[in-house]
Each structure stands twice: as structure tokens, then as C-alpha cells.
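2 protein chains.
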Amino acid sequence: MNGRYADFLYQEQEILPAVSIDCVIFGFHEGQLKVLLVNFGNTQLYGLPGGFIKNHESLDQAAQQILYRRTGIANTYLEQFYVFGEPNRVYSDTHKFIMESNGVELPPEHFLLRRFVSIGYYALVDFTKIHPNSQIENEAGYWCDIYDLPKAIAFDHERIIQKAWESLRMMLDHKLAFFDLMPETFTMNELQSLFETILNKKFLRANFQRKMLGLGILQRLDKKWGGGAHKAPYLYKFDEAKARVYANSTTWEQP
Amino acid sequence: MNGRYADFLYQEQEILPAVSIDCVIFGFHEGQLKVLLVNFGNTQLYGLPGGFIKNHESLDQAAQQILYRRTGIANTYLEQFYVFGEPNRVYSDTHKFIMESNGVELPPEHFLLRRFVSIGYYALVDFTKIHPNSQIENEAGYWCDIYDLPKAIAFDHERIIQKAWESLRMMLDHKLAFFDLMPETFTMNELQSLFETILNKKFLRANFQRKMLGLGILQRLDKKWGGGAHKAPYLYKFDEAKARVYANSTTWEQP
DNA sequence: TAATATTGTATCAAAATGATACAATGCTTG
DNA sequence: CAAGCATTGTATCATTTTGATACAATATTA
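Protein sequence lines, in the order shown, are assigned to chains A and B. 10 is the number of the first residue of the first sequence in the numbering used here; add one for each residue after it. 10 is the number of the first residue of the second sequence in the numbering used here; add one for each residue after it.
It cannot be assumed that every hint is accurate.
Below, computed lysine to aspartate or glutamate pairings styled on DMTMM-like, alpha-carbon distance capped at 25 Å [unchecked claim]:
| id | chain 1 | residue 1 | chain 2 | residue 2 |
| --- | --- | --- | --- | --- |
| 1 | B | K138 | B | E199 |
| 2 | A | K211 | B | D182 |
| 3 | B | K172 | A | D154 |
Please keep in mind that the hints were generated in silico from the structure rather than gathered at the bench.
All chains should be modelled from the sequences, with the hints used to inform the complete structure.
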């Protein structure tokens, strides 16, 4: 057997029982907020990259590990946001379906078929640096527009995605981590587009610009670009030094 | 043996392994934000009321059950806020200490001595309605001022309390649940005192009043009191009907 | 009855936000 | 190469929110 489950069949002894981690990986590209989903081998089902917690790992470490092993993403913003534990998450049914589609039969007492509690983590990544297909073992990763998710999503992963998005919206005003969704340099328009997409809400250009510049955490780069038949916008960069000053003088927290 | 552990020694089969729930129960009384701690039988250790998840229960149900069985509190505001899972939470050491203090020896392979992940819930209760000693089985419950917690707190429960408090602060501006910390009727001063205590921050009386009344979710009662040598304040009441209207027109969420 | 402490509200200044306008500019097109 | 055009950066004014102070009203105490 190959695909998703190769990864999951450690010795049951090496992992914490009944607990798993699912990662909602956000990226932003061409005005779309995207989530990285994986296709479960030999099925039409999509789901979140997930995994288990090794006995020696902390939860955060385990989440980092899962992220790294399944997508090659390292050192990114990653935060726990909720735990999902309905008894009827119906792991067993979905698992059985997937296994059958792969011609594998799990013994009825296999630990994968028992009830799991899943800890949700979300990650904010720079889309331009991630190549989803490159490092995922034997399964395909797809960036899906969060406003247009596939119908067939496994387990309760749709719910987990929605809750992650909600947490992301809540955090926007309190932390500066949203810069992790942007490339190194960006225009003010792109940044505004990020906010509008996450919050599903429009801002007036002039006021958004005033507000962002007023925060004093952006570094304006002299460069401009050749984009269209109009005045060229400045490029900006998140200025960590200024942000530190800012964080000390306000309630905003650093990522 | 009696005390805390009587409750914990279900059949291991009836509960989800490796997962527990700890409840941070907030109350407010005489200008103090309080947390309900329990004294672990025959020790000087304090800790949070906690328990496990039965196989058929959802996480929220389990938390409600734990709250009810250990404090008699039912139908109160209860919300999950974080999961704690450091591998070095050192359950085994603390458990062993408590068991020895009670003259009990756990077999080294007992499930209680293995690693646990604990889901944190916080509850907001009306202090005037809770009598902590009445329903807790065989252990004493104490309301502790959150600014003056006891030194000897078991496990990582101090960390859990701090994180719960942080979550409470974060939620103050977004949800109306803080009324669950107040008695049925209250004066504006008492409400202000709640905010000041939770946020550890002073407000100007006049402005706080303007803001709260401006929300349009308070019902002013004709009654007043005989309290001191001064003008009598109005009593107020949280008006659920108005709050619903308010919630529909803003980003505030209902409890 | 006067003194006193606290309440409810008004008022003004300062800051933040919403809305509109306009000059500047880099590209396109004739 | 000049005119046109779309978009950007910023200024400006109105409105709302917040910060700070003042003051009349009033329930108790002395």
C-alpha cells in the first residue's frame, strides 16, 4: 500500500493515543485566500494534512513536524486554535472507505478506527515560497480558494477549515502575523486585497492606506514597478524593527 | 481511599485515553475576579477541577458534566480556550505525591501515570449563585483572587489559569458573555469594576457609563438603593432582547 | 438643615474614521 | 511624441468615537 496511510502506520506505541493534529495552511495568491488540501490516495476525497503526536513531542513541535513532513514547510507561523472532538466525527467510516479504495483492510480493532480528538492548527505561509506538490509524500496537494472549496471533504475537515478562518479573522486586529501571508515585498493594494478577502469586506483605498502607514511598521522601498498604464505603486516591506517598537507601545502582539 | 481520586478511577475503558479536561471557573465578588480551585485531599496542593471524557460524550458535554459533578454548576457559559500538552507536564510525579499523601499506591502502569493532553475550558458564573463547598465530592473548593493565587498549584494549572484569563480579556470586546459574571441586577459601578479587574486597567467613570449605555443592551430598573451617604445609583439588568438586536447590527457575538 | 460623597449627564478637546477630491505619474495609443 | 487614461499618494472636510473635566442632583449622615 502507498499514499496517505503509509505515513500513519507507525507503531501505535510511539504516539499519543486518541489525539491527532490537523493543519489548516493558509496562503494568499492573486486576490484569493487559499487553503492547502490533500487528496486522499485513490479517492475523490479532500482533507487537511494531519498526523499524530509522538510521545516525546510537545503539541507545537508535533504540529511543526506534521507540517514539515507533509508539505516541506518549516519555520512558519503556526498556532493552535481549537479542538474538535465530536464522538460522531465518524473516523471509522471514512477511514474504512479510504482503506478499501486502496485495497487494504484494517483489523476492526485497529487504533485508527477508534475515536479521535483532533487539535486544529493554522499556518500562515508565503504562497510564493511553497510548492505543494514537491514534498508531499505520494499524495497531491492542492491550493483551494476558501470561497470555493471542493464538495467532498473528509471527516469534519470542512468545519475545521471554517473555524480556522474565523480564528484568522479574529486575530487580524490583534497580531501582526498576517504579513506571513504576503511575499517579501508587496504593494499597498495587495495588502488591502488580503484584508478584504479574509474579512469579506471592502475598505476605502485612501483610508486603508492612511491606517496602514499610520501603524509605522512598513518600510517603503524606493523601487516601483512597471505594471500597467498608470502611476506605479511603491513596494513595501514589513519592518520587524519598527514592529517591535510598535508592539511595545500598543496591545498588538508580535507573531 | 477517598477524596479527589475516587472520582477518577472509572474503568479506563469508559473514557477517552490520554485526554483530560480542566475547568477554570471565573466568578466576581466584591471587586475581585476569582477562580474556583480545589484542594487535593490530604495535601497542600491546589488545582483546577478536572476530569475525563466519556466515550459517548462530546467535548462540550464532557466539560459541562465535569463542571456539574464537581461543583453543582449547570447551564452556564462554558468555552474551550486552549489545549495543553507539554510532554513534561509531569503528571506522574504530582499524581504519585498525591496518592502517597493518601496512602494509596498506583501500579506503575496505571493509566493516570501516563502522558495526558488537557483541554482547557473556562466558565463564567454568577458568584452569588454558587456555593462551592456544597456539591464538590469530598474535597474543598475555594474561590481565590486571581491577583493572589496560592503558591502551591499542581501540574501546570497556574499556566492554564493565566491562559484562561488572557482568553477572557481577549473576549471582553467581542462577546457579551461577561454579564454571566454579574448578578441579575447590578449598578454601573459594579460593572465598571468588573471590567477594570479583568483588564487591570482604569476607566473614567463618565466615559464608561456613556459607552455601556450607548450599547443599548442594558435595561434600567426604576429601583435604586439605600447604600451610602450619597445619591443612589440605578440598578441595571442585561436585556437579552435588546442584545439580540444589537448582535445583529454589529460584530459582537452572543454568548 | 447643612455637609458630604457619589451619581447621571453635559460639554469641550482630541483622536480616529468615513468620504471625497485632486494632483502626480507611468504606461498606452494614436 | 503628445494626449489620454487608469491608478496611486495625499490632502481635506465631515462625522464619529474617545479622553477629560465640570456640574447639578440626591440619598444619607451628622
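To see whether the hints hold, each was checked on the structure:
1. K138/B with E199/B: holds (17 Å)
2. K211/A with D182/B: holds (22 Å)
3. K172/B with D154/A: violated (33 Å)
Hint violations for this structure: number 3 only, all remaining hints satisfied.
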